[in-house]
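Using the sequences and the hints, build the whole thing.
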Amino acid sequence: MTLTCIIIEDEPLAQEILQDYISKRGDLVLLGKFSNLQSFYKFKEDNIDLMFMDINLRGTSKDEVEDLFTKHRKIVLVTAYSVQQLHEYDLDNISHILSKPVSYEKFSECIDKIILNKV
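40 is the number that UniProt numbering gives to position 40 of the sequence shown; each next residue is one higher, with no gaps.
Hint data in this document are derived by calculation from the structure and do not stem from the laboratory.
DSBU-like, lysine-lysine: derived pairs with alpha carbons at most 35 Å apart:
#1 62 with 33
#2 71 with 24
#3 71 with 100
#4 106 with 74
#5 24 with 106
#6 33 with 106
#7 113 with 24
#8 33 with 71
#9 106 with 71
#10 113 with 100
#11 71 with 113
#12 74 with 42
#13 42 with 100
#14 62 with 100
#15 74 with 33
#16 42 with 24
Structural data, given as structure tokens:
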């Protein structure tokens, strides 16, 4: 099973690390990278299986982030926030949360769980 994915992350280094991790997996295909929600909304791809997203994007409100959560089912939050700091967000549609810095081992475990649940 191959999953299409995108990255929404405003930190260039974090974006590069995620891109590297995705490229190491034969079951993920990266469709695009975005540094903010505005550039993502211009992207007209409807066939996204998985989104890797930072919750704290410059220039993005909490409401905009939560609106995206309600529209997409498979979101992996990649964040430096602690679980306690995330309590103010509605995380019902979040598949997984990866804490920065993300190790390849944790990333891979996350993807394996998502694939197992999708089959």
